[in-house]
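S.K.: Residue strings, one per chain:
2 protein chains.
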Amino acid sequence: MLSSKLVGLIKFGVRNNIFRGFRAQPDFTKNRYQVERGFYNYLQEPHLRYFQDLLGYEERVLTNLSDLEKYNVDWFQQVRGSSAVVLKPKTTEEVSKIIVYCNQYKLALCTQGGNTGVASGAVPVFDEIILSMELMNEIIEIDENSGTVVCQAGVILEELDNALAGKGLMVPLDLGSKGSCQIGGNVATNAGGMRVMRYGNMHGNTLGLEVVKANGEVLDCLTSVRKDNSGLHLKNLFIGSEGTLGIITKVALQCSTRPKSQHVTFLGLQTFDKVLKTSKKAKHELGEILSAMEVMDSHTIKWGKEHTNLVSPLDDYPFYLLIETAGSNVEHDSIKMNEFLESALKGHYVLNGVVTGEPSKIQSIWAIRENLPQGFKDYGWCALYDLSLPVTEYFNIVDETRDYLKNHVEDVFGFGHLGDGNLHLQVLARKYDKWLADDLETFLTKRILDMRGSMSAEHGLGFLKRKYLPIVNDHPSYTLMTDLKKLLDPNRILNPYKVFP
Amino acid sequence: MLSSKLVGLIKFGVRNNIFRGFRAQPDFTKNRYQVERGFYNYLQEPHLRYFQDLLGYEERVLTNLSDLEKYNVDWFQQVRGSSAVVLKPKTTEEVSKIIVYCNQYKLALCTQGGNTGVASGAVPVFDEIILSMELMNEIIEIDENSGTVVCQAGVILEELDNALAGKGLMVPLDLGSKGSCQIGGNVATNAGGMRVMRYGNMHGNTLGLEVVKANGEVLDCLTSVRKDNSGLHLKNLFIGSEGTLGIITKVALQCSTRPKSQHVTFLGLQTFDKVLKTSKKAKHELGEILSAMEVMDSHTIKWGKEHTNLVSPLDDYPFYLLIETAGSNVEHDSIKMNEFLESALKGHYVLNGVVTGEPSKIQSIWAIRENLPQGFKDYGWCALYDLSLPVTEYFNIVDETRDYLKNHVEDVFGFGHLGDGNLHLQVLARKYDKWLADDLETFLTKRILDMRGSMSAEHGLGFLKRKYLPIVNDHPSYTLMTDLKKLLDPNRILNPYKVFP
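Chains as they are written, first to last, in the working numbering: chain A, 1 to 501; chain B, 1 to 501.
Each hint should be verified, as a subset may be incorrect.
Given that identical chains are not distinguished, each listed pair holds provided it fits within a single copy or across any two copies.
[What the hints assert, rightly or not] With a cut-off of at most 35 angstroms between alpha-carbon atoms, the simulated DSBU-like pairs for lysine-lysine come out as follows: (1) Lys167 with Lys446; (2) Lys346 with Lys167; (3) Lys274 with Lys434; (4) Lys97 with Lys467; (5) Lys485 with Lys434; (6) Lys434 with Lys467; (7) Lys90 with Lys446; (8) Lys167 with Lys274; (9) Lys97 with Lys485.
By construction, these hints were calculated from the structure, which means they are not laboratory data.
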């Protein structure tokens, strides 16, 4: 048996991705998926020299294969590009010069933030030049009075949030990947996460953007005022466009007041109907302090207990709800939360529940939910579906998928952001099976379209889901999207093979 | 002296615009402002017959001059069009047919919601056909579980809110004009109002739109899920586009939980520095229940007392703050508000203050703020500026304008949505003076651009502010806006003379 110290070290390594190098890399995307290289030029010596003259020879123009590896493979190890160069600009002017050059010589570009996406939108498919934003990491201005921040696009979400914390402010966005993901990528993908139900999405929170167009022009929409109706709202065109229309170089955000009090309750429930009723009850009783509402089914928790270090404070129940509050007054919030739990138990909404306001306990309850993706990632083949649907249908689709696939897969799991109607449906199999994958996809797409849901709630389309674009959007919308792409990037040098099929 | 009954009747009449017909109408826009008619066709008998065949002969195709009056003149009586026909479709299909016809025969269209705008974006400039949305007023679906609503664009804001009230929900938008304005117009102008600081803007709250393009195609982006990242976010292109890119026919909104408790405090303060400090204190102490923060200077209140039926619960102070909270627990909210006021008084943040949770008293405090526009509207010439700026500069610009214009105008007033940095700066003169207006404009534009504010925070550009488009936006942004207009409305039939100069 391994010593507990060794077990600890291994766990630390897994958590921090230290063993990544030892895992087999995924096959090259160009081999694994059916995709044809576009008519772009290949990178040649003179191109490289231009970039080296612009950015210097070593640190900011990476060409060593070993250096390139982490930029060519996505976090979820689903795809692998074969780019031969990573460029690391520090200024908008450098980004503009790079893009003008690429546009002139028809070199394809893949902009990369923290490389934490799960739809493979930020990793090259073939040999696209990787434009890493990691050195564009300056926080330019925090305005305490207005509650706003302006920064470069490459600032890491957690670092931005830490800088705001001292001023009683916070980024109105929280993601599991906050330690690596960048604010520019968050905007470019309209990132969601756990607390959209409270703080809204990036369209609501982004005040201004600076964007470099495919022709190198810089759009200065970097206002940091909260209200601005002085023209078409260009910035919103780039939010959620996944790097296909322009390169976001600076971001202005509105910040929320940092809560002084946090509480979490973890509940066991009998049926999904009770989950719905409890969720409505929470909305009305916890009102303005409600900050997250996550649901998990018994399959998910059971699997988590067996395959990750998940420790649940409750016994086994068909459904689990994690409800979080964040507010300005510990006493008031605690009363609200305890009264809510008490009446939920009394009224037979829930079968069991714990509530806590202690940071360490809050963290361990959140760990149940947050460690799930890691657990799935390390097992055989996992099909990830990131669906939006009317909440009344939330678990019907999980049951239907389970029925549909019975005996063909290991199991089907349902969990996600109930407050936003965002379900993460995961199908786990021992290994990749093309027939199964295609069949599952057809089945789910039809069901989701029938109920007017979304096949990509928060992850975007990237490379892996680009085929959905003409399927989930009606023809006039699809046509307008392609018209916008033509208008903004006529040579299609920006993040090719992504979003647009 | 008039009997009190008669005074009451007159007040009722003024409030309800009954005397409007007796007031002199403004001059025709085409005469008063320098603007040239575009190369559109004039409405002719065959056109009219087509519309009559489509919509019927009387109620839905208005051609009587007396019927047309209220559609041709804006609420603020700043502009007057000379349209000869109002069309009232009931369905998206009818809108599409109208627009296809207009596009084919190059007839200009002006879409009109509740006609409550103050930048004259919804009233024809020349003889544009008026497309009134008032009969497209069906609330299609309220989903209590998801907290969403889908409706036609012509639903009146207050009616929508009333329909949601019974389900414990609310429209996350509140405007003085809620009894007349329509949700489609709210979206098309990215309407703001008093509670943007709490509930966010229309980009954050609009889940989906159905839009008819200038070629008659219907864009079905009418999802009502809270998260959807499955393609470019087309709906946002139309939010705030003021009817120049397409006609919004249906809207899906996310709704907020309706608060059960409301409190208001009205404060008198010595300096603007104290206003800022108090506002920061409020954000941190009232946190999640803070729902509005309005500021007014002494000039504004003094003028209001003299010219409207404004009754202030406080004596005279240099500045006034109105702070509102909305929450789920009366007791908690009352404690928070009272403790806030107590410590603000003790800490010499404020000189005096009242607080109330009684609906009638809340209403009378809000009336101070809400009646101001009506007061200015009925006096000589009033230049309205709807500015966004860093809050530290909020009243500097009022002082500077007062200094700059001294002796040339009646007075300069500053009030507005402090929580959003949105200042309504109003300059009052006995009569319109072109030199003064132009000079004032040059002065303000320069100052606002210097501090990266906005010349139109929430009112939009409409007709009256369209000249700002190329001034306040940098050249690449302006060019992209015109490119988008060309792409979406090549014949420029949609709301001409608006937004684009």
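S.K.: Each hint: holds or not?
M.R.: Against the structure, the hints:
| no. | hint | verdict |
| --- | --- | --- |
| 1 | Lys167 with Lys446 | between (48 angstroms within a copy, 31 angstroms between copies) |
| 2 | Lys346 with Lys167 | between (41 angstroms within a copy, 23 angstroms between copies) |
| 3 | Lys274 with Lys434 | neither (37 angstroms within a copy, 66 angstroms between copies) |
| 4 | Lys97 with Lys467 | both (32 angstroms within a copy, 32 angstroms between copies) |
| 5 | Lys485 with Lys434 | within (31 angstroms within a copy, 44 angstroms between copies) |
| 6 | Lys434 with Lys467 | within (16 angstroms within a copy, 58 angstroms between copies) |
| 7 | Lys90 with Lys446 | between (45 angstroms within a copy, 31 angstroms between copies) |
| 8 | Lys167 with Lys274 | between (40 angstroms within a copy, 19 angstroms between copies) |
| 9 | Lys97 with Lys485 | both (21 angstroms within a copy, 28 angstroms between copies) |
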